[in-house]
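J.: Sequence:
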Amino acid sequence: MFTTVLYLSKRFGKAVRRTRFTRISYLLSIVAFVLATLAITLITSVLYSMQQFQKDRLLNYTPQIIVEFNQPLAKVNGETTPQLSQAMQELIQSPIAKDINQLNLYSGGQFFIQVNERILEAQVFGLDNDNPQTRQQLNTNTNAPLNIPPEVANFDLPRGQFTLAIPASVAHSYLLTIGDKVTLINSNKSTYLPTGFMPVMRQFTIAYIYNDASLNDTWYANLYDLARLNLTSNLQQINIFLKDPLQIEQVIPKLGLEAQANYSYSANPQTINGDKLGIVSASDWRQRYAVIFNAIKTEGRVTTTLTSLLIIIAILSCLITFSFIIVEKDRDIAILNVLGMPPAKLNQVFLAMVLGLLIRGNLISIVLFFCITHFWDKYNQYININIPLEINYPSIALTYLSCTAVIFLTTAIAGYFIIRIRPAQVLR
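Everything in the sequence shown is counted per numbering that gives the first Met the number 0, starting at 0 for the first residue and increasing by one.
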C-alpha cells in the first residue's frame with residue numbers, strides 16, 4: 000500500500016505542475032521554506048558566533064566570580080595564611096567544583112591609567128607567579144579555556160617593584176615599550192593631601208609586552224602591589240574562572256548566597272561565624288558586561304521572532320498549495336474514494352507530496368547555507384561583520400528538523416479536514 004501512496008503522490012505531483020497556477024504556487028512554497036530555514040540558520044549562527052567571540056575576547060580573561068571570605072587569606076607583605084588553602088579546598092569541594100576552570104587569589108580591578116598625557120581605563124589583574132598556592136588549575140582538559148596568557152603566568156613580576164605586563168595591541172596603540180612608566184589611578188580609593196582628597200595613584204614600569212592576538216586587553220601586575228594600590232593590608236578574595244562563563248546564572252545559586260543589586264551577592268548574617276572560614280559576599284562578571292550579552296540575547300529573540308514569520312508564510316504557502324491541488328484534482332480524488340480508498344490514505348498521498356516539497360527545500364537550503372558560510376570571509380568586507388563564524392551544528396540540525404516537523408504537522412492536521420470531499424456531489 001505504501002508503494003501505491005508514493006506512486007499516486009508522484010502522479011499527482013506531475014499533473015499539478017502542468018498547470019501554471021499550481022506550478023507557481025508549488026515553487027513559491029519551496030522558496031518560502033528555503034528562505035525561512037536559511038534566514039533562521041544564518042541568524043542563529045551569526046548570533047552564536049558573536050556570543051562565542053565576546054566570550055573568548057572578554058570573559059575568559061576577566062574576573063568571573065569574586066568571592067570574599069571573612070578571614071585573611073594573605074598579607075600585603077606576600078605571606079599567605081593557612082586559611083588560603085582551606086578556602087581553596089572549600090571551593091574545590093563545593094557544588095560548583097565541576098564548573099570551575101581555575102582559582103586565583105585575587106587583587107585588582109578597574110583602574111584609570113595615565114599614558115603620555117592621556118587617560119584610559121583598563122582591567123588590571125594581580126598575579127603571584129612565585130607562589131603556586133595562589134593559583135590552582137582544576138580543569139585538566141586539553142581544551143580548557145585559557146584565562147591567563149602562559150608567557151605572563153611564567154613571567155616574574157616581583158613584589159615591591161611595581162611592574163606591569165601589558166598586551167601588545169595596547170602597546171602598539173599608545174606607542175609603549177618596555178621600560179616606559181605609566182600611572183595607575185584608583186578612583187575608588189582616596190587619600191588626604193594638603194590640597195584635599197585625591198585618588199590613590201602609583202607609578203608602574205612596563206616590564207613585559209605579551210602577544211594578545213587582539214583578544215585580551217587585561218594588564219597584569221604583582222598581586223601584592225595591587226593590594227597596596229587598593230589600600231588593603233590583607234587579601235580576602237578569590238577569583239573563580241569558570242569552564243563556561245555564560246553559565247553564570249546556573250552557577251551562582253549553587254553558592255547559596257542571597258542576590259543583591261548589580262549582580263552582587265551576600266551571605267545570610269546568621270550563617271557567618273567569625274571563628275569559621277566562610278564566604279561573606281560575591282560578585283560576578285555581569286557587573287561589567289551584562290549590557291553586552293543581554294543585548295545579544297535580546298537581538299536574538301527579536302530576530303528569531305521576525306524570522307519565525309517566514310515559517311508562518313511557508314506554512315500558509317504549503318496549505319494554499321495543498322488546497323489548490325485538492326480543488327484541481329477533486330474529480331480524481333472522488334474516483335479514488337469511490338473505488339475504496341479511504342480519506343486517511345488520500346491524506347497520505349498529499350502528505351507525501353508535501354514531504355517531497357520539504358525535502359527539496361531542505362536540500363536547497365542546506366546547500367545555500369554551506370555555500371554562504373564557506374565564503375563567509377569574503378562577505379565580511381561588504382556586510383561589516385568582522386567576527387569568525389562558528390557553526391553550532393547540533394543547533395542547525397535542530398532548526399531544520401523543527402521547521403520541517405512544524406510545517407508537516409500543520410499540513411497534516413489541515414489536510415485531514417480539507418481532504419474530506421463528497422464524491423457524489425463532485426461526480427454529479
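Please keep in mind that the hints were generated in silico from the structure rather than gathered at the bench.
Quick caveat, the model's predicted, so the values are computed rather than measured.
Any given hint could be a false lead.
Stated by the list, open to error - List of simulated lysine-lysine pairs, DSS-like, C-alpha gap at most 30 Å:
| no. | residue 1 | residue 2 |
| --- | --- | --- |
| 1 | LYS97 | LYS242 |
| 2 | LYS344 | LYS9 |
| 3 | LYS54 | LYS296 |
| 4 | LYS54 | LYS344 |
| 5 | LYS242 | LYS180 |
| 6 | LYS188 | LYS74 |
| 7 | LYS253 | LYS275 |
| 8 | LYS188 | LYS296 |
| 9 | LYS242 | LYS54 |
| 10 | LYS296 | LYS275 |
| 11 | LYS253 | LYS296 |
| 12 | LYS74 | LYS275 |
| 13 | LYS296 | LYS97 |
| 14 | LYS97 | LYS275 |
| 15 | LYS242 | LYS253 |
| 16 | LYS9 | LYS54 |
| 17 | LYS9 | LYS74 |
J.: Give a verdict on every hint.
T.: So, going through the hints one by one against the coordinates:
no.: 1; hint: LYS97 to LYS242; in the structure: 9 Å, holds
no.: 2; hint: LYS344 to LYS9; in the structure: 15 Å, holds
no.: 3; hint: LYS54 to LYS296; in the structure: 13 Å, holds
no.: 4; hint: LYS54 to LYS344; in the structure: 53 Å, violated
no.: 5; hint: LYS242 to LYS180; in the structure: 35 Å, violated
no.: 6; hint: LYS188 to LYS74; in the structure: 19 Å, holds
no.: 7; hint: LYS253 to LYS275; in the structure: 20 Å, holds
no.: 8; hint: LYS188 to LYS296; in the structure: 35 Å, violated
no.: 9; hint: LYS242 to LYS54; in the structure: 11 Å, holds
no.: 10; hint: LYS296 to LYS275; in the structure: 41 Å, violated
no.: 11; hint: LYS253 to LYS296; in the structure: 23 Å, holds
no.: 12; hint: LYS74 to LYS275; in the structure: 19 Å, holds
no.: 13; hint: LYS296 to LYS97; in the structure: 26 Å, holds
no.: 14; hint: LYS97 to LYS275; in the structure: 24 Å, holds
no.: 15; hint: LYS242 to LYS253; in the structure: 15 Å, holds
no.: 16; hint: LYS9 to LYS54; in the structure: 50 Å, violated
no.: 17; hint: LYS9 to LYS74; in the structure: 81 Å, violated
Hints 4, 5, 8, 10, 16, 17 from the earlier list are contradicted by this structure; the remaining hints agree with it.
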